[in-house]
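Following the hints, position chain B against chain A.
For the protein sequence lines, the chains are A and B, in the order given.
Under numbering that gives the first Met the number 0, read the first sequence as residues 0 to 190, first letter to last.
Under numbering that gives the first Met the number 0, read the second sequence as residues 0 to 758, first letter to last.
A couple of the hints might just be wrong.
Unchecked claim - Covered stretches of chain B (in silico footprint by chain A; criterion: 3 or more residues with CB under 8 Å from a CB of chain A, positions within the stretch not fixed):
hint : segment
1    : 357 to 363
2    : 649 to 662
3    : 690 to 699
4    : 708 to 717
Said to hold, decoys possible - From chain B, some residues computed to sit far from chain A (all C-beta separations above 10 Å):
hint : residue
5    : D14
6    : S201
7    : S241
8    : D249
9    : I369
10   : P377
11   : E400
12   : S401
13   : I532
14   : T611
15   : L624
16   : H625
17   : G702
18   : V703
19   : R728
Don't read these hints as lab results, they were simulated from the structure.
For each residue, glycine too, the CB sits at the ideal point set by N, CA and C.
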Amino acid sequence: MSSSTAIAPVGGSRSASSGDGRTDLQALNNAGNGTEEQYVTFTVGAEEYGVNILAVREIRGWTPESRLPNLPDYVRGVINLRGIIIPIFDLRARFGGGMTQVTKRHVVVVMQVGERTRGILVDAISDILAIGPDAIKPPPDVDSGLIDAEYLSGLYTADDRMVTLLNVDKLFAGEHVDHEATPRAALPEQT
Amino acid sequence: MPVDDLSRFKQTYFDESAELLAVAEAGLLRLAPGGVDMDEVNAIFRAVHSIKGGGGAFGFGELVAFAHEFETVMDGVRNADIPVTTGLVDTLIRANDVLAQMLSYAADGTEAPAGTTDDTVAALRRFLGKADPAPGAAAPPPEPAALLPDDEDDEAGIFGDALAAIQAARDDRPAAALPGAIPDGKVRWTIVFRPKAELLLSGNEPTYMLRALRRLGEAEIVCHLDRLPSLRDLDAELLHLSWTVTLLADAGVDRARIDDVFEFVADDCDIRISAEAPPPAVIPPAEAVSANAAPANLPEPAAPTAAPAAPPAATTSSPSGPPPGGAKPKANGNGGDHAGPTTHTIRVDLDKIDRLVNMVGEMVITQAMIAEHLRDLPPGQFQELREGLEGLAQHTRELRESVMSIRAQPVSSVFSRMPRLVRECAAATGKEVMLVTSGETTEVDKTVVENLVDPLTHMIRNSIDHGLEGPDERERIGKPRAGTVHLSAAHRSGRIVIEVTDDGRGINRAKVLSKAIEKGLVQPGASLSDEEIDHLIFLPGFSTADQVSNLSGRGVGMDVVRRNISSLGGRIGVYSAPGEGSRFVLSLPLTLAVLDGMVISVGEERFVLPLTNIVESLRPKPADLHGLVNKCDVMMARGEYVRLVHLHRLFGIPRAIDDATRGLVVLVETEDGSRLGLVVDEVLGQQQVVIKSLEANFRRLDGVAAATILGDGRVALILDVAGLREMSRHSGTTTTAPTTTSALPALQDQADQRQRQPV
Numbered sequence: 000m001s002s003s004t005a006i007a008p009v010g011g012s013r014s015a016s017s018g019d020g021r022t023d024l025q026a027l028n029n030a031g032n033g034t035e036e037q038y039v040t041f042t043v044g045a046e047e048y049g050v051n052i053l054a055v056r057e058i059r060g061w062t063p064e065s066r067l068p069n070l071p072d073y074v075r076g077v078i079n080l081r082g083i084i085i086p087i088f089d090l091r092a093r094f095g096g097g098m099t100q101v102t103k104r105h106v107v108v109v110m111q112v113g114e115r116t117r118g119i120l121v122d123a124i125s126d127i128l129a130i131g132p133d134a135i136k137p138p139p140d141v142d143s144g145l146i147d148a149e150y151l152s153g154l155y156t157a158d159d160r161m162v163t164l165l166n167v168d169k170l171f172a173g174e175h176v177d178h179e180a181t182p183r184a185a186l187p188e189q190t
Numbered sequence: 000m001p002v003d004d005l006s007r008f009k010q011t012y013f014d015e016s017a018e019l020l021a022v023a024e025a026g027l028l029r030l031a032p033g034g035v036d037m038d039e040v041n042a043i044f045r046a047v048h049s050i051k052g053g054g055g056a057f058g059f060g061e062l063v064a065f066a067h068e069f070e071t072v073m074d075g076v077r078n079a080d081i082p083v084t085t086g087l088v089d090t091l092i093r094a095n096d097v098l099a100q101m102l103s104y105a106a107d108g109t110e111a112p113a114g115t116t117d118d119t120v121a122a123l124r125r126f127l128g129k130a131d132p133a134p135g136a137a138a139p140p141p142e143p144a145a146l147l148p149d150d151e152d153d154e155a156g157i158f159g160d161a162l163a164a165i166q167a168a169r170d171d172r173p174a175a176a177l178p179g180a181i182p183d184g185k186v187r188w189t190i191v192f193r194p195k196a197e198l199l200l201s202g203n204e205p206t207y208m209l210r211a212l213r214r215l216g217e218a219e220i221v222c223h224l225d226r227l228p229s230l231r232d233l234d235a236e237l238l239h240l241s242w243t244v245t246l247l248a249d250a251g252v253d254r255a256r257i258d259d260v261f262e263f264v265a266d267d268c269d270i271r272i273s274a275e276a277p278p279p280a281v282i283p284p285a286e287a288v289s290a291n292a293a294p295a296n297l298p299e300p301a302a303p304t305a306a307p308a309a310p311p312a313a314t315t316s317s318p319s320g321p322p323p324g325g326a327k328p329k330a331n332g333n334g335g336d337h338a339g340p341t342t343h344t345i346r347v348d349l350d351k352i353d354r355l356v357n358m359v360g361e362m363v364i365t366q367a368m369i370a371e372h373l374r375d376l377p378p379g380q381f382q383e384l385r386e387g388l389e390g391l392a393q394h395t396r397e398l399r400e401s402v403m404s405i406r407a408q409p410v411s412s413v414f415s416r417m418p419r420l421v422r423e424c425a426a427a428t429g430k431e432v433m434l435v436t437s438g439e440t441t442e443v444d445k446t447v448v449e450n451l452v453d454p455l456t457h458m459i460r461n462s463i464d465h466g467l468e469g470p471d472e473r474e475r476i477g478k479p480r481a482g483t484v485h486l487s488a489a490h491r492s493g494r495i496v497i498e499v500t501d502d503g504r505g506i507n508r509a510k511v512l513s514k515a516i517e518k519g520l521v522q523p524g525a526s527l528s529d530e531e532i533d534h535l536i537f538l539p540g541f542s543t544a545d546q547v548s549n550l551s552g553r554g555v556g557m558d559v560v561r562r563n564i565s566s567l568g569g570r571i572g573v574y575s576a577p578g579e580g581s582r583f584v585l586s587l588p589l590t591l592a593v594l595d596g597m598v599i600s601v602g603e604e605r606f607v608l609p610l611t612n613i614v615e616s617l618r619p620k621p622a623d624l625h626g627l628v629n630k631c632d633v634m635m636a637r638g639e640y641v642r643l644v645h646l647h648r649l650f651g652i653p654r655a656i657d658d659a660t661r662g663l664v665v666l667v668e669t670e671d672g673s674r675l676g677l678v679v680d681e682v683l684g685q686q687q688v689v690i691k692s693l694e695a696n697f698r699r700l701d702g703v704a705a706a707t708i709l710g711d712g713r714v715a716l717i718l719d720v721a722g723l724r725e726m727s728r729h730s731g732t733t734t735t736a737p738t739t740t741s742a743l744p745a746l747q748d749q750a751d752q753r754q755r756q757p758v
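For reference, chain A alone in the conformation it holds in the complex (with noise of 0.2 Å):
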């Protein structure tokens, strides 16, 4: 139970302060142009998620990964984007649900975040929504779930389906922090 109980006042904190993040989103990419926001979603499994879709730069077609050594099995690997090099994340293995299977119609949601160019893997693409703010409820309590609490940042009901609103910043940064703790990169590179 201890789990949970650490868990709900983050979920309680995150619903407010997800409300405060969407308001400056709109703030600076809405100035006084409505509030409704557009997100691009897509499917993994029977599930339904959602992106920003100023966070998307564009959607592209599987092409096979190159692996990347000793990394969880929800870093792809990294593929060429017109010259420059960036990692593929699998949705479905991120919340735990194993590695996708790929075949030529899955689909690779290219996004940025901050200054990173990132891909993730997803099944696909299924429609963009105009959502406002008034129509984003917030996350429940999910403590056992597939899907970290931390990670939503909302959710959306589009006609009788559920929308996921991911939270990509925390999506990335999550798997950002994990891992450079190592030892190695740890170390000053230059001092």
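Okay, now just chain B, sitting in the frame of chain A:
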């Protein structure tokens, strides 16, 4: 005037000021009592003056006021009113630092804190007090007449473009193309050229003559249309035009040369030629007056803005680099210097070059891809295509080299920082040190140059602090009191080699060894060769200084140096002779963008090994292989036991060849000379690859130096041999099966592992 335009010029001003500060600092460091080089002094004066002038144009009042104080003292030095003493040089160096601070405040757009300059100004004025009984900030320093044209020239060359543009923007009226004044040394010819109507019939072409005139100097050509008939009456065969040419030519152009132009048509036209020389010249119009008067007003900040009103040609006259050491005043008032030559350097945003480098990199990849496909074609066919591609490959290589040379910089930009460091270190340790540099013009990629500063700083500090003896001790053992540190750079077989040599006591091997044992870096009783002992100083946490001094002795120095150097793809070695000194040798690649590599395959993955690491590749016989405990295999290669590292085990790659006798062993060597046998499936061939960052979008990985894109567009990882060795150290000690997960916990105790390893 749009604001962003001004800010662009501001940036140029700051960039150039930084260069000027460096020039001034270099000059100041060379300034020593006795034997004052006036050219040097003038160069410093001009640098400070130019910074002041530009600052005035942008309204940086405090900066200008301070630069003025600095300049006034420099002027005193220049006129030999102020004797050069060590104290003076120190003060001037401090003033240079303060000026740099003022510039950075100005660049940030913040006010310098009150009193930033007070101490230094006071110190500067003290020197002035000795020379001038009544110093005053407002008193304009006396300007020797001979230097005036030079100053003006300097300013026009360095800030010319920016200032001219500002000036143009401030004046609404367009700048006059040619001022009415005739510059000194020029002659104005007026040529009235009235060809007869039949000129064209004899096959003559008047435009040729006009062009010929233009080659003689600056020509202003006016065409007279007054004899032109109406279209109805026009006879296309006849010439109805006449011209008046105003030619501003050098004095060397005489009447005969102008006559020559019209030699063949002299009978068919009416030519009147008249000349105007400067002495009985027309009264110069207002613009020219201000241009000439500008140098006289130099101490006033506003003056430089007036200077560019001189003929526009003047602004492009000299490259914007540091003023040449000679800096002799040009032939007096010879404006002709400005007319002809254009600038030989341009200032380019680094991003643009990087984009170009990237693009060329892409081209190399595309070209490799085409070449790969071409190999699949049936032999003996498409001969022309093959030849074409051969040519393309050649051009691509040349293009890449040219692009790389744009980024190349002489190492002097790093070396020039060292005299100051030596000066400070010498003062702090009480030693006498002489720094000798050579090979400063050796060029290497900008990123390499930038990353050299830290390692070199460490190494020189180390040489002075640990290597050199104190002056008394040196005298006692018969060495000159002042120790010598020699810093040199040279190109050697596609790499740059930098050496730091001192003539000090050399590495005290007994002390190094006992320290290493004391720190647990070496097992007591281990027998190490002299060379191995020397290399102990590169171990993390090693320091022999008995006291932790300000300079070195924190025990981070040399291992950080080695780390920095190897992160640049370089190697470091040390050679030492007791009592005679030590020599540190750095070897670095010329560029960080391209690498000669060997493509190898393991399972379905392909990797690139830097060619510099590879000794040879071979397929061992079963008799060469020996098993040690914990499956740590060793192999006998050329009479030496080498530890084998199975890349697929280390990286968790499925479907790879495990048996070294069926695969291949690539013998690799790390920068410290230790060898390793990498077991791979196959060696695919040598290829030049463009280094791509993995960290830009992801992060660093163990055993991986970077990534690249192969001919088929797939990404391949470039292996870091030293990293692989580190990884294999503990995967050798862990007995678990090599899976992707087992490597992760192993990483955690890597730090401990590093502490324990003997070299």
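Checked hints:
1. 357 to 363: The restraint on the segment 357 to 363 of chain B holds, since 3 of its residues have a Cβ under 8 Å from chain A and three suffice.
2. 649 to 662: Our answer is that it holds, as 4 residues pass the Cβ test (under 8 Å) against chain A, meeting three.
3. 690 to 699: holds (count 8)
4. 708 to 717: holds (count 6)
5. D14: Nearest chain A Cβ is 24 Å from D14 of chain B, so the label holds.
6. S201: holds, 63 Å
7. S241: For S241 of chain B, whose nearest Cβ neighbour in chain A is about 61 Å away, the distance exceeds 10 Å, so it holds.
8. D249: Since the minimum Cβ distance to chain A is about 52 Å, D249 of chain B lies beyond 10 Å and the statement holds.
9. I369: Holds, since 16 Å exceeds 10 Å.
10. P377: About 28 Å separates P377 of chain B from the closest Cβ of chain A, which puts it past 10 Å; holds.
11. E400: holds, 20 Å
12. S401: holds, 20 Å
13. I532: holds, 25 Å
14. T611: holds, 20 Å
15. L624: Label holds. Min Cβ-Cβ 24 Å, cutoff 10 Å.
16. H625: The claim stands: H625 of chain B keeps its Cβ more than 10 Å from every Cβ of chain A (closest is about 27 Å).
17. G702: Its Cβ does come within 10 Å of chain A, the nearest being 7 Å, so this is violated.
18. V703: Given a closest Cβ separation of 7 Å, the condition is violated.
19. R728: Correct as stated: the minimum Cβ-Cβ distance to chain A is 12 Å, above 10 Å.
Hint compliance for this structure: hints 17 and 18 are broken, all remaining hints hold.
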